[in-house]
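A.B. asks: Can you build the whole structure from these sequences, using the hints too?
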Amino acid sequence: MSVTEPLSGETSTWEDPPSRAQARRLRTAQSFEVFYTSEFPSLVALARALTGSAAAEDIAQEAMIATYRRWREIEQYEQPAAWVRRVCANLSTSLIRRRAAEARALLRAGGLRHVQTDLPREDEEFWVEVRRLPRRQAQSLSLHYIYDMQVSDIALTLGCSASSVKAHLVRGRAALSVRLGVAEEDRP
Amino acid sequence: MTVELRARSAADALRDATRQDVDVRAGLAQMRRRNTRRIGVYVAVATAAAVILGLAVLTWTTWHPRASAPITNQPTVVRTSFPLAVPFVAVRPDGWTQIVKRDVLVVLNSPNGPFLAVFIDATPLPTAGSPAPTTLTARSFAGWIAARQELVPTTVVQTKLAGLPAWQVDVKLRAGVPATATCDGVTDKCLPLFRVAGITDPLGVVPGSAGRVYVVQLSNGRVLFVAAGGSTRNRLPEVLAAVQPIIDSLSFGATG
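Read top to bottom, the protein sequences are chains A and B.
The working numbering runs 116 ahead of the 1-based position in the first sequence.
The working numbering runs 174 ahead of the 1-based position in the second sequence.
Simulated from the structure, these hints should not be mistaken for laboratory data.
The model shown is predicted, which means the values in this text are computed figures rather than measured ones.
By construction, the Cβ of each residue, glycine as well, lies at the ideal position given by its N, Cα and C atoms.
Wrong hints could be hidden among the right ones.
[Unchecked claim] Here are the in silico distance ranges between beta carbons for each label pair:
1. G214/B with S154/A: 21 to 31 Å
2. I181/A with R193/B: 18 to 28 Å
3. V217/B with A219/A: 17 to 27 Å
4. E300/A with V217/B: 49 to 59 Å
5. K282/A with A203/B: 38 to 48 Å
6. A224/B with E194/A: 32 to 42 Å
7. I213/B with K282/A: 39 to 49 Å
8. A222/B with A219/A: 42 to 52 Å
9. P250/A with A222/B: 41 to 51 Å
10. V286/A with G214/B: 20 to 30 Å
11. Q266/A with A230/B: 52 to 62 Å
12. V219/B with K282/A: 39 to 49 Å
13. V219/B with V286/A: 41 to 51 Å
14. I181/A with T233/B: 54 to 64 Å
C.D. replies: See below:
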């Protein structure tokens, strides 16, 4: 009786293929990572535009955590980014939630060096005035300028009608024009 | 300068500043840590709440015990009284039914045949060969039963029942003895032994069945009978096993 030895003593380096569930989890994790990488910086910008505080990154993280927990559902949406932007916009304009995020940011500040690049004075002044606007106007203007979004996309993101968004944008611009002392539109 | 231009410039500046400030890799790792930590906090809070709730329920039930429903195989204590004689307390096993007649006879029936009869103030029914006892004591009654020629008795044994002096004898009807009378509580014909005041038919022994009689001497001079029997298909050990919990739990009230 003889025993067949493996040729040249090679051993297989093939691993078991991942199960369907593992493969799905992996795909989900990868797709969220891609989403986070592309979306997070502008989300922080949105939060900073609407809060002006060091808690902006914390608020963006909160919105991302909420998205992460429901990612398998949200990634099926036509525009997953609209969902997280709406959460972030609402968190930023909710006083209680903003205060909670600021408190968390303060607690973490003990161990972390939080760097926030200062904006030029004129630009900072612009966002300060945006934050003084009514909530919907501030949200509409921030989404419009930070993301360069059209009216229909803003309406989808905020969950309101396009005509409302138009009205918010017009009123917001008019108010800013007065407060900043600049023309609303180019004069011919 | 217009609002539009100021806005575009401010948005560009904000995007640039944020791009410089934000470390996406670190942010992703931090987000995952926060999520995991938060889930841990939720679990800890839920566990603590469950423990507190459990302790509260335990404390409440300790201090406010609920009356538990009787367990199926646990006998139920019933109190049966003889207003004119001796009240007694005994357990009544589940399934056993109780018949009380004129406060001088209590019969506990099991669903399988065995029964226990407790009666008082019984009068012996004499025959030509067995005249009535001359003294109305428990000992003489037991002797009278054992002396009945129609019966096959065991030796009379002095014992105690619920702490009271008693005489015990096992009996069955001798083969070939005619049973012609109608006894209380049985459909078969019987050999009558006692008559109890207020009850029409006598108490007696049915052919084919065996039983044990305890004749108890009460301190007020009266005599009480505790008789265990069964149907013709019940053997005596089976009957005795069935009635033993009742016998063991018997306790009598004031006996005068």
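A.B. asks: Run every hint past the structure and note whether it holds.
C.D. replies: Here is what the structure says about each hint:
1. Between G214/B and S154/A the beta carbon distance is about 29 Å. The supplied range of 21 to 31 Å therefore holds.
2. Checking the proposed 18 to 28 Å range against I181/A and R193/B shows it holds: the Cβ atoms sit about 22 Å from each other.
3. The hinted range of 17 to 27 Å is satisfied by V217/B and A219/A, whose Cβ atoms lie roughly 23 Å apart.
4. Checking the proposed 49 to 59 Å range against E300/A and V217/B shows it holds: the Cβ atoms sit about 54 Å from each other.
5. Between K282/A and A203/B the CB atoms are about 41 Å apart, so this pair conforms to the stated range of 38 to 48 Å.
6. Taken as a hint, the range 32 to 42 Å holds for the pair A224/B and E194/A, whose Cβ atoms sit roughly 41 Å apart.
7. The hinted window of 39 to 49 Å between I213/B and K282/A holds, with their beta carbons roughly 42 Å apart.
8. Restraint check, A222/B to A219/A: a C-beta distance of roughly 23 Å breaks the suggested window 42 to 52 Å.
9. Evaluation of the 41 to 51 Å hint for P250/A and A222/B yields a pass: the beta carbon distance comes to about 42 Å.
10. As the Cβ distance of V286/A to G214/B is approximately 48 Å, the hint placing it in 20 to 30 Å is violated.
11. Between Q266/A and A230/B the beta carbon distance is about 57 Å. The supplied range of 52 to 62 Å therefore holds.
12. Range check, V219/B to K282/A: about 45 Å between beta-carbon atoms, so the 39 to 49 Å window is met.
13. Range check, V219/B to V286/A: about 47 Å between beta-carbon atoms, so the 41 to 51 Å window is met.
14. Between I181/A and T233/B the beta carbon distance is about 38 Å. The supplied range of 54 to 64 Å is therefore violated.
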